[in-house]
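There are 2 protein chains.
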Amino acid sequence: MNIDMITAAAERARGHIRRTPLLSSPFLDDIAGRRVLVKPECLQHTGSFKARGAWSAVSALEPTQLQAGVIAFSSGNHAQGVAHAAREHGASAVIIMPSDAPRAKIDNTRGLGAEVVLYDRATEDRDEIGERMAAERGLTLIKPFDDPQVIAGQGTTGLEIAEQADEAGVDTADVLVCCGGGGLTSGIALALEAKAPGLRPRPAEPEGFDDVARSLAVGSIQRNPRLTGSICDAIITPQPGNLTFPIMARLCGPGVTVTEDQALHAMALAFHRLKLVLEPGGAVALAAALFRPEAVQGDAVIAVASGGNVDADLFASALARFAP
Amino acid sequence: MNIDMITAAAERARGHIRRTPLLSSPFLDDIAGRRVLVKPECLQHTGSFKARGAWSAVSALEPTQLQAGVIAFSSGNHAQGVAHAAREHGASAVIIMPSDAPRAKIDNTRGLGAEVVLYDRATEDRDEIGERMAAERGLTLIKPFDDPQVIAGQGTTGLEIAEQADEAGVDTADVLVCCGGGGLTSGIALALEAKAPGLRPRPAEPEGFDDVARSLAVGSIQRNPRLTGSICDAIITPQPGNLTFPIMARLCGPGVTVTEDQALHAMALAFHRLKLVLEPGGAVALAAALFRPEAVQGDAVIAVASGGNVDADLFASALARFAP
Chain A
17 MNIDMITAAA ERARGHIRRT PLLSSPFLDD IAGRRVLVKP ECLQHTGSFK
67 ARGAWSAVSA LEPTQLQAGV IAFSSGNHAQ GVAHAAREHG ASAVIIMPSD
117 APRAKIDNTR GLGAEVVLYD RATEDRDEIG ERMAAERGLT LIKPFDDPQV
167 IAGQGTTGLE IAEQADEAGV DTADVLVCCG GGGLTSGIAL ALEAKAPGLR
217 PRPAEPEGFD DVARSLAVGS IQRNPRLTGS ICDAIITPQP GNLTFPIMAR
267 LCGPGVTVTE DQALHAMALA FHRLKLVLEP GGAVALAAAL FRPEAVQGDA
317 VIAVASGGNV DADLFASALA RFAP
Chain F
17 MNIDMITAAA ERARGHIRRT PLLSSPFLDD IAGRRVLVKP ECLQHTGSFK
67 ARGAWSAVSA LEPTQLQAGV IAFSSGNHAQ GVAHAAREHG ASAVIIMPSD
117 APRAKIDNTR GLGAEVVLYD RATEDRDEIG ERMAAERGLT LIKPFDDPQV
167 IAGQGTTGLE IAEQADEAGV DTADVLVCCG GGGLTSGIAL ALEAKAPGLR
217 PRPAEPEGFD DVARSLAVGS IQRNPRLTGS ICDAIITPQP GNLTFPIMAR
267 LCGPGVTVTE DQALHAMALA FHRLKLVLEP GGAVALAAAL FRPEAVQGDA
317 VIAVASGGNV DADLFASALA RFAP
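In order, the protein sequence lines correspond to chains A and F. If you read the first sequence in our numbering, its first letter stands for residue 17, the second for the next number, and so on. If you read the second sequence in our numbering, its first letter stands for residue 17, the second for the next number, and so on.
No lab work stands behind these hints, which were simulated from the structure alone. Among the hints, erroneous ones may be present.
What the hints assert, rightly or not - Simulated DEER-style distance windows between Cβ atoms: (1) ARG137/A / GLY245/F: 44 to 54 Å; (2) ASP329/F / GLU78/A: 46 to 56 Å; (3) ARG153/F / ASP46/A: 21 to 31 Å.
The beta-carbon is built from N, C-alpha and C at its ideal position, and this holds for glycine as well.
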């Protein structure tokens, strides 16, 4: 993994992946006590940064691989990212999803042209299903985070942050990144190392699911004690990846955690002050910027809002609970 | 009014006004039956395009005028745009608002540093109050739309649309613009005339408040029969302006209208498919693109989403009523 892979991914993504803006509001600055700059990846194709990594991975395939098609395991944002990238490349995509995944996510993935294969979490082994289909059809697996091309694609977010922070006059700041398996965080870290070394990437996680923060603290991969029960489901993974963790260990500052209520409050503030729709997992970094000011250093903080694929009911409840 | 004033306004706005992206979703394309490109001015500073016109007008003032300060009449988006532009120029701003304006809008305008003067709609004459304060302090009035520099500022939206449509491979399309007094529509029309003559600007309005559509149809300024009772309050004005109407009459295609329910439905779809927060008046053009396909021509349509300053309750009710 190096910066050249990220710049190459950015080149392949030109005209296909959105350059999201860098947004701000004086009202958010007042809450945080410093400038807050938000990178809204909810505005990316498919509503999350996952479209970047999927594009990078699919666009790096050989023609024979594209012809055979791709496969992915996901109940959420990675599914839609892979479906989108495959369709735009004229490739078929099989997405293995649990049968109890939200109906909207299944419908959206199908709506993007993918073949969705549902499995029963209780009685079926998704890996067995996936391996059999991949073998039968010669499909290429697109992993959600622990893949060099996926990390390179997520790293294009960091190239944009480096340029946009410079335009905003910010050369020293913490960059808080909503973190699951670490693909986005490690990709951004590699980009910033090369392009904006004064910007310090830091993973942001929900309390109780802070495997990355704990892994960074002790210097070895730690697991989450549980994987369910968080509204921040988009960024919950068992543990950091074998590729992503060494990058984060070398380049990333300490992790920061927030409560679920802080994530919901950040969603409400993003609605009122930035006119953005964030999902709980996508609001964790903004929540840390706003409500954990003592854990952040510098006159400015950059928060990556990783996605916005949230159900209307949950969104409305966040608005009802937290006034501006 | 000419294109040079718009390019000059864009030059003065550089680094101060956001270049909003041009967004799309295959799910919206499917509904409309053609490509739909959305220009989200809800992401502009203060949550609406009004920040552009206010910036243009304030940045064109003489130093002595800036020192004395500015004044505006508004219960909504123009108030926040003027307050923001004045503060960034180090100028004071007086905003005359009705005492029954939404509390959030009053608070936001004060939060942006303006001096808010409330008047009673029933017993006081806002023009008299404004004229007296302007005379006493030497304040410069910033009009909401019928001012050349305001129109030039709104026209910077059109410069961006011309460039972004070209990047998207679109050189022929209807450009639907949420239209109140016509500042945004006429400014965009002037920009497109010079930079993208294949793009045809068309005002979009709510049914029952279609003064611009009717004015264009008969060739003279027509009034709305009433000014209250619409949830699209952000774009309700008595009639098109004396400056904006001749520009629209020369350059704009026929107006298109939508129902309030279509505007609310478009808000819900912008939430699900674009992760954007739109206010009802700001969703009218998108609603026309989605739900009045027979009234639109061409393989692609561009919809300007003019603002996103909506109360949480109204937004939640739109989500509850309209599933994706």
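Verification of the supplied hints:
1. ARG137/A / GLY245/F: 44 to 54 Å: 52 Å, holds
2. ASP329/F / GLU78/A: 46 to 56 Å: Hint holds: Cβ distance 53 Å, inside 46 to 56 Å.
3. ARG153/F / ASP46/A: 21 to 31 Å: 28 Å, holds
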